[in-house]
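Let the sequences and hints guide you as you build the complete structure.
Protein chains: 2
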Amino acid sequence: MQVIRSKGYAATTVEDVCAAAGVTKGSFFHHFKSKEEMALAAVAHWNAVTGALFEQAPYHRQADPRERVLGYIDFRRAIGQGALPEITCLLGTLVQETFETWPAIRAACGDGIAAHADVVAQDMAAAKALYAPDADWDPQVLALFTQATLQGAFVLAKARGDDAIIGHCIDHLRQHVANLLGAGAAPAFHQETSP
Amino acid sequence: MQVIRSKGYAATTVEDVCAAAGVTKGSFFHHFKSKEEMALAAVAHWNAVTGALFEQAPYHRQADPRERVLGYIDFRRAIGQGALPEITCLLGTLVQETFETWPAIRAACGDGIAAHADVVAQDMAAAKALYAPDADWDPQVLALFTQATLQGAFVLAKARGDDAIIGHCIDHLRQHVANLLGAGAAPAFHQETSP
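Quick mapping for you: the protein sequence lines, in order, are chains A and B. Mapping of the first sequence onto our numbering: residues 1 to 195, in sequence order. Mapping of the second sequence onto our numbering: residues 1001 to 1195, in sequence order.
In case anyone wonders, no lab produced these hints; they're calculated from the structure. Bear in mind that the values here come from a model prediction, so they are computed numbers and not experimental data. Using N, Cα and C, we set each Cβ at its ideal position, and we do this for glycine too. Do not take every clue at face value.
Among chain A residues calculated to face chain B with C-beta under 10 angstroms, some are [said to hold, decoys possible]:
#: 1; residue: L84
#: 2; residue: V95
#: 3; residue: A159
Have a look at this one:
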């Protein structure tokens, strides 16, 4: 996961992965037939690890669905700071360059993002039913928009060589979602860093 | 530009570029010392072409800065449909995999995205001065958020193998920006496609 997030899929060699993992090429090929099979296993592992991370996060235990939704966004802001290869998304990084050329990897990334968005959409649907039942937006689309904002914030952080833009983008995302859910005046934008 | 947008930087070979351009390798190396130099030239060309596209677009001639801002977003929606290698961003694709390993490419992508965001931010600042002078958001940050949403929408479109999500994400972006600029009730979300 770490090597692909640092240099992308095509530039990652089996030798790179073996060096990072401290294993031999023989050991690698005992487990995986190819780099592609390794990448698919990395996606499955990523989905399991991140799924558990969100499920066990404190926001997930809030009784009010709107608190869960806004708590999820705040949680993404809290974990969205640090070294970019460690905080950015394996799936978004992988799919950016493989979508036309590695169909199985694209499908795995698409399934992983969709599954996570579905979890977010469930809380958004419950919050909408309580706080914005007559609004014309779709919780499923809003959940995907949330993921798009996060993925794009990672791209901008890479382009700028600076993680600060991630928090700034999540502030705007939070304000939009709070508005849609009738959460009243949004909190002031974080001022700790200038863009 | 087309080859990199289809398969990413590392997977792109000089042979691929020569085949797509219909030139010989000798001709390629007459113009560029390396694949990296070619990619930097592609970024410069991209910036020139897209800069002219936005400058000549009809929205750019609106007198009201808020109309220019919302017109820009509508224009991005209009050009955000089609075959993904033809409508996605060269810079976002390049930087996703090169940010740690190719510093000159990262810098060029960062500069290109920042320069475009600066143009968008000028209209946002003018619109804020007219319609939301006391609000606590920063036009520069909002312009970067706009770029993040677009970049992330491209990532999701690739993951889903479907360009429709781009329009859905831009609808949410438009509603947020319209709200910040006091544009009143946002238009209904486009209903032409379901996610």
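Which of the numbered hints are not met once you compare them with the structure shown?
-> Result: no hint breaks.
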